[in-house]
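Let the hints inform the model, and build the full structure from the sequences given.
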Amino acid sequence: MVLVERGRLFPMTRRWPAQTTILVVEDDPATAKIIQVRLEMEGLKVLVAANGMDALEILHRDQVDMITTDLMMPAMNGFRLVQEVRDLAPPKGRIPILLLSSNHSEQDMVRCLAAGADDYMAKPISVQVMVERLWRLYERSHRVG
Amino acid sequence: MPFPHDLLLPLLRWATFGLLALTGGLVLVGTVLQYRKDRQNRHRIACYQAWETQLTDYLFKRGFEHESFGPVPWADRWLFRDFLARYQSTIAGQEFELLRELYLSMGLHASLPQRLKDRDPNVRAQAAKEISVFRLDEPAEHAPPPVTERPWRWKPGIRMEGYLEQVLPLLDDPVPFVAHTAAQALTHSRSLRFAAPVLAWVMREELYQRERLLRVLEGFGPDLLPWMKENLESPNQNPEPWILYALLVGSHRHRESLPRLLWLLDVPSVDLRASVLKALIILADPEVYPRVLSLAASPAWEIRAQVARALGVLGGPSAVPDLLPLMTDPVYEVRRNAAQSLVDLGHSGVSALSWLAEDPGSDRFARDMARERLEWADERGHL
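Line order of the protein sequences matches chains A and B. Take 13 as the starting number for the first sequence in the working numbering and just add one per residue. Take 5 as the starting number for the second sequence in the working numbering and just add one per residue.
The set of hints was computed from the structure by calculation and includes no laboratory data. C-beta atoms are modelled at their ideal positions from N, C-alpha and C, and glycine is treated no differently. If a hint is listed, it holds; no wrong ones were tucked in.
With a cut-off of at most 30 Å between alpha-carbon atoms, the simulated DSSO-like pairs for lysine-lysine come out as follows:
id, chain 1, residue 1, chain 2, residue 2
1, A, 135, B, 282
2, A, 45, B, 133
3, A, 45, A, 57
4, B, 121, B, 41
5, B, 121, B, 133
6, A, 45, B, 65
7, B, 133, B, 65
8, B, 41, B, 133
9, A, 135, B, 133
10, B, 41, A, 45
11, A, 104, A, 45
12, B, 65, A, 135
13, B, 282, B, 233
14, A, 135, A, 45
15, B, 65, A, 57
16, A, 135, A, 57
17, A, 57, A, 104
18, A, 104, A, 135
On the chain A side, residues computed to face chain B include the following (Cβ under 7 Å):
id, residue
19, 43
20, 53
21, 139
Partner residues aside, some chain B positions facing chain A, computed with beta carbon under 8 Å:
id, residue
22, 64
23, 90
24, 100
Listed below in structure tokens is the structure:
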């Protein structure tokens, strides 16, 4: 399988299992759409939530394998969402989480990771790098699991 | 002359008619304006929905089924510009390079000179941001295309280079966020030819804002430090910019500037010395411990407070005997910092604090502070 980008061929080394589902929590629909399309090109099933509250609702209702969430959102922010997810009983409580934030401060990174997030990326983000990080998180969680 | 009563009724009738006509006219104008606004909004939403799909195809399927983004009508250029602006703070890497290509190929930058002078501060700030984000300081890449290939209305005589120079006047903008965005655009370029005006702008800001504005100066990168060393006037004459220098050395962890920092410790300005000590704490070089210890008896409490933090970081457990005298300092902040350093040192520091807290013969202020910090550390599980 190959991805065609900028006229060049990039071999796709990732092998996501069929029906792997990722929950994208992002209040900006423009960014959510970009992430969604790119992840769907990877063969992933993508669910989108506009804030932490909606994300929790989806999480209770559907099978989700990974979460990527923005930090600053209305209703329930990323920190709170991570804490709520980590309070759930396994396996949902152990879902790998990648946090995205437009705040670059060292304290925020530490807070994110201390809250239970598995990884952190500062905006602006490269979607390619994000996909790679998600793959590493997925691999690691399944090795550990 | 008495008012003719027979005219009163027709006058009132005409006045009522005029008032009704005016009200009706205003309602009509309001309705038309609202209709136009609704139509524009519907058009904007339709355009955005179509462009979102086109954009993801352009970014991820380029070279496969979609060679280019597709045509954007001239009348919708301003809408398209706002559409692209939504991605400028969130997307990076390859995708952002493609966005930049799109922005330049559509000639959206042609309107920047006018927008930088717009009456609306949001428009001015957005223009400055675009110059920075889309890196319009790289002249070769945004030269105007040949006349035959120009997809947009070209105005002869419009400037297509030197955008950053046009951002410079915005540093004096009366609206603070516009000036702030302009400063960010200039520092983002990393071009030191803008270092002097940006630094002058920072120095004009209130003292309490300066540390926040350090973030802006950090945009120049560590190359700003040698420039400051060369270009700032003597710290004895004007220590203020050197405070920023010291704080920047800390934020960049620029070890090469350590000799200059030590030299600045001899300048009599209290604020400057305190800032230098903050930087030394971040650099954490144990070699400077004796020099820092010599300031423990400074008459300025701001300096002693920083010394109390620095000794623990630079000296490790061997700093305990030097920290204990600072526990009896008459200023609360100095005692608190000394106690915090002892807590941070772990076993040896906590033992010293426990001894102070339990010794009835110790200084009363030192004993109270030791108890307070031990309780604080216990509550957070640090003990």
